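**Q** Those protein sequence lines, which keep their order, are chains A and B.
The numbering used here numbers the first residue of the first sequence as 1 and each following residue consecutively.
The numbering used here numbers the first residue of the second sequence as 1001 and each following residue consecutively.
Worth flagging that the hints you see were computed from the coordinates, not collected in a lab.
So the derived label-pair ranges between C-beta atoms look like this:
1. A/Phe127 to B/Leu1205: 18 to 24 Å
2. B/Val1044 to A/Ala31: 18 to 24 Å
3. B/Leu1205 to A/Met52: 43 to 49 Å
Keep in mind it's a predicted model, so treat the numbers as computed, not measured.
The beta-carbon is built from N, C-alpha and C at its ideal position, and this holds for glycine as well.
What follows is the residue order along each chain.
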Amino acid sequence: MKEQLHANKVQLTYATVLSWTSTLGIIFVVAGYLIYVFQLLPAAVSPAEIAMQWHLRAAEFHKVVPVPSGWDWITQLGRGDVLSYASIVYLSSVTMMCLVVIIPLFLKEKDRIYTMITILQVLVLVFAATGIISGGH
Amino acid sequence: MNQRAFPAKGFFFLLTMLVALLLVVPTAAFAAQPVAAVPTPWWVWEIALFVFCFFLGIVAVIGGVGGGVLFVPIVSSFFPFHIDFVRGAGLLVALSGALSAGSPLLKKGLANLKLALSMALIASISSIGGAMVGLAMPEKVVQLSLGVTILGISLIMLLSKNSAYPEISEPDTLSKILHIYGIYYDEQLKKDVSWQIHRTPVGILLFIVIGFMAGMFGLGAGWANVPVFNLVLGVPLRVSVATSIFVLSVNDTAAAWVYLHKGAVLPLIAVPSIAGMMIGTKIGAKLLTKVHTSVVRRLVIALLAAAGLRALLKGFGI
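This is chain B alone, in the form it adopts within the complex (with noise of 0.2 Å):
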């Protein structure tokens, strides 16, 4: 009992000064003009990346939230860097994760391929459509639509109640002919499960629109992958999840070049990102049975809540 109540009230510390700071400390302080006034050692800002990712990196796999989703909003906020760096750095944490992910998940046939092609094929193109549209677009603009997509992010992540094992009474055409189906052993239920999709035509426009969005933000696109597979298109939970892992590094991908191009890639910035939040995501994973996860989960939401916030207020120069 001692041993999960330490963890967990350090967590809970941790991320309510976060989330107090995200709200209290003027956006000025953390600005990117006043540093070539106050120089500070790139390595100190290196370091502080590093550490800073590392406890993304737990915070996101205990509040069950994409470490992508969380990096873009926050570093943006905390450190100089601008955010067409930030937004280049966050696709390629999402990817790096999803790429070091997929592979087990494939191989216990949890993530479906044919499912994940079917949908990020379109998503893909339209990934690479809101990354030319998000580094054209003036900062405020950007800010002011992270705010408002962060906003709603932490109400659909608030709101919506997964279905771990919908019951689809007949699946669609197109799921026939894109002979969109599978079988997995279920770990929890010790035996195998058979599910098939319904609503794919709709599955593939709200998947448009999601990669339209990752891509503008880079933000990777888990929040959004999972209740569109689970919800939408019927999609037991767990296929959900891996698949959407998948999902996220085609599209991903595709937007991580516009931004290659665009020159809004540093690996100064996006390599410590890369580093501190897979180790995170590591020890994270080991923490997740002695806190929790449905009190982190909320504070997690509440951190992001406020990031949102405070992307709006910067929107608004306030």
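Chain A extracted, bound-state conformation (with noise of 0.2 Å):
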């Protein structure tokens, strides 16, 4: 008990939200990987054909194999390959998540120093996930 007095509100918020949202995307990866791998649904790539290639470079792979990557995928959530993948894109979403959450707490606290730099970082992380500075696949 005597520990939470330590965390404040701000950090407290983070802590919930980073708690659920793992947690979720820890289960979203599981099943996504257990659907691809025991083909629940159809899928464009087996996995069998993947592993025949894997030891390519990532850019001669994706010459190849048609396996999603970046944003790619996204009108194509029936499929089994591309659910498992779409949950490694969401476990790579989740501080993401939880740092828009805590913009609004530090405004309200009037903390313009961290709510400027927690923007700026949420910032950072939707161009990497965009795309737009790694150049995409």
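Assemble the dimeric complex from its two separately framed chains, guided by the hints.
**A** And the structure:
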């Protein structure tokens, strides 16, 4: 009980959102994987086809195996391979979600410095997520 | 006593065998190219990866090392996956570990949000840069620089002496502006411990370098975050470890997106690794009281050095 006194409201909110979103992420990742490898949904590429080429560099691999990357899968969520990939994308978005939630709390506390730092941090992650700075695939 | 000796013996044997395997077995035996000629069913690799990461998770916790730093050099040595995919999976292993450990540490007040956010902003930008450079480099250069980095990490781990409660006489101006200070309840001392930091600009510069390397090699970066927080900035060790996990979750998220966009993430490699490592980490935490952690730590450092040496040799084409 005593430790809780030292975590402020912003930190506690971040922790609560993180706990829910990350637990959901792990469940999603495992479920997506099982759906794919047990072929419960149709997939464009089977695990065996991927395994034949996974020794190639990522850039060369994508020339011969049509697996999802970046956001090119968004309209094909009914596919097992896409669902598994989407779960990884979700896991990579958890930090962003938590940061977005605490921005209004910093604003409410009139903490300009950390409002600005958190907004900038979210922008950095959004830019990375859009693929603008990495050139996409 | 007997209960303590049995698992310890098992661990020493396992670790020593792994070190020997890394040094003795030629790279060609595990190299990617011959796999196409001798096809092993894909599910065998999946199960092997899961089991391997399970043990890696146990060893990582007992040795006090992040799983991410062990994952990339060792998996790229033993499995037929290209190092691009291993680095992508390594980032996700480190990220998922950090995400699941983060919440309780923040709730207890051990991880400090303001300290983490101040360091993570610039580090995450450099982590994106590192990921882009790392994925553009030729494979041999990646192996060479990975080998040098891993050997450097082993040396840091061997030599660094963390300070549980560093004393800071005067916080620096930047840390005052950023309101970086805190208080936490120390379970060992059974009292509240307050802390402040100094040398903030130096710390930020070092985090730029750490972020770059983490993105480039997909390593996770607890091995570097903790010494910088603790020895450079003067953050108490417990707060350093907890806050490092938070910084890692931000930096690895940024780099992971680059790997996702460059097509260097395969769920077939990432998911068994994440699952194996997470379960292994939980078992490892339970075994912590039953083995001699200092001896295991030395063996883990030896394992890391062997993996580094192997990557270096691969880089030279040996």
